[in-house]
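S.K.: Chains as they are written, first to last, in the working numbering: chain Y, 78 to 221; chain H, 4 to 138.
One or more of the hints may lead you astray.
[Stated by the list, open to error] Interface residues of chain H toward chain Y, partial, derived using beta-carbon atoms under 7 Å:
no.: 1; residue: G20
no.: 2; residue: A23
no.: 3; residue: D45
no.: 4; residue: T63
no.: 5; residue: S65
no.: 6; residue: L89
no.: 7; residue: L103
no.: 8; residue: V104
no.: 9; residue: T105
no.: 10; residue: A110
no.: 11; residue: V118
no.: 12; residue: R121
no.: 13; residue: R122
no.: 14; residue: A125
no.: 15; residue: L128
no.: 16; residue: F135
Think of the hints as simulated: they come from the structure by calculation, not from any bench. Even for Gly, the Cβ is constructed at its ideal location relative to N, Cα and C.
Chain by chain, the residues:
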Amino acid sequence: MAHHRLSPRQYLILGLVAFCAPLGDACLSRGMTGLPPISFSHPQTLVAAIFTPWIALGISLLIGFFASYLTALSWADLTFVLPATAFGNVIVELLARFWLREPISVQRWIGVALITVGVSFVAQGPSLTERPERETTPAEEIAQ
Amino acid sequence: MTLPSSIAGVNAWTAAGMIAAIVLASTTGEVLMAAAMQSIGDLDVIRATSGLRGAIRAVTTSPKFLCGIFFLALAFFSLLFALNHLALSLVAPASASLTLVTNAIAAKFFLKENVDHRRWTAAALVCLGVYFLAH
């Protein structure tokens with residue numbers, strides 16, 4: 078495997094992947110817990126839930142995540158990009174501790190440490206698997 | 004596998020089924036999406052020459068991408084449904100940590116990615132980390 082180094086812009090995109098996903102999920106949770114229980118017999122109420130403010134904000138953040146995620150997948154492996162999404166949990170914990178001054182238990186600090194070590198393991202390696210024989214991608218045709 | 008008899012009034016096996024549905028749909032969607040982006044190539048290169056519209060066209064005309072969207076939408080509605088019945092502290096870490104492992108397995112066999120010891124170790128560490136964050 079050749080080592081594909083990432084540019085600062087590519088690290089920024091991975092940062093957006095990490096930030097937008099947990100914030101979007103938190104907004105969705107805030108929106109869904111405020112709604113009455115939804116049953117299998119009325120699935121259309123799930124569609125109506127999309128237009129409530131918290132869920133709409135959550136969806137906007139998740140669209141931002143999705144655009145960054147797709148861009149990252151166009152130049153990096155899935156197994157390289159995925160730990161970046163989990164790193165979002167670390168960002169949320171650090172914000173809760175140092176910005177909101179919330180107490181963080183020892184177990185949660187262990188979780189933060191494990192995710193950070195895991196992400197650093199992946200970040201030190203190559204971002205893309207070398208494929209010796211493959212068809213030219215549309216991007217490569219354009220570059221030529 | 005032993006599960007608690009009930010989770011917030013929902014049968015434990017129903018809860019496991021909801022989480023399994025999210026993981027399965029999410030893994031299928033993400034692998035299809037990654038396969039689509041691999042076949043398209045670097046979006047920055049396409050955007051530099053054909054503009055944002057060209058990049059959007061390249062992505063949205065890929066059949067693998069459209070199939071991926073379908074499965075991710077399925078995962079999204081499964082998540083909304085599960086969040087309506089179960090706590091976020093159960094659904095989010097369980098689905099996120101399991102999806103990491105299933106994605107690593109799927110990436111190795113379907114995308115032929117070089118998932119070496121470093122990436123397996125990272126997947127296991129992140130999976131454990133997410134579990135600790137939730138408990």
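S.K.: Each hint should be assessed against the structure and marked as holding or not.
M.R.: How the hints compare with the structure:
Among the interface hints, the one on G20 of chain H is violated; its C-beta lies about 12 Å from the nearest C-beta in chain Y, farther than the 7 Å criterion. Taking 7 Å as the C-beta cut-off, the interface hint given for A23 of chain H is violated, the closest approach to chain Y being about 17 Å. This hint holds: D45 of chain H has a C-beta 5 Å from the nearest C-beta of chain Y, less than the 7 Å allowed. At a threshold of 7 Å, the smallest CB-CB gap from T63 of chain H to chain Y is about 11 Å, leaving the interface hint violated.
Taking 7 Å as the C-beta contact cut-off toward chain Y, the hint placing S65 of chain H at the interface is violated, the least distance being around 9 Å. Proximity of L89 of chain H to chain Y is violated relative to the hint, the smallest CB-CB distance being about 10 Å (cut-off 7 Å). Hint on L103 of chain H holds. Least Cβ distance to chain Y is approximately 6 Å, under the 7 Å limit. Checking V104 of chain H against chain Y by beta carbon gives a least distance of about 10 Å; that is not within 7 Å, so the hint is violated.
Residue-level restraint check for T105 of chain H is violated (minimum Cβ-Cβ distance to chain Y is 11 Å; threshold 7 Å). With a cut of 7 Å, the hint placing A110 of chain H at the interface with chain Y holds, because the nearest CB-to-CB distance is about 5 Å. Interface hint at V118 of chain H: satisfied, since its Cβ lies 5 Å from the closest Cβ of chain Y, which is below the 7 Å cut-off. Against a cut-off of 7 Å between C-beta atoms, the interface hint on R121 of chain H holds, since the closest Cβ of chain Y lies about 5 Å away.
This hint holds: R122 of chain H has a C-beta 5 Å from the nearest C-beta of chain Y, less than the 7 Å allowed. Restraint check, A125 of chain H versus chain Y: the minimum CB separation of about 4 Å is within 7 Å; hint holds. Contact between L128 of chain H and chain Y, as hinted, is supported at the beta carbon level, the nearest pair being about 3 Å apart and thus within 7 Å. Below 7 Å, beta-carbon pairs count as interface contacts, and F135 of chain H has one with chain Y at about 3 Å; its hint therefore holds.
In this structure, the hints that do not hold are numbers 1, 2, 4, 5, 6, 8 and 9, in rising order.
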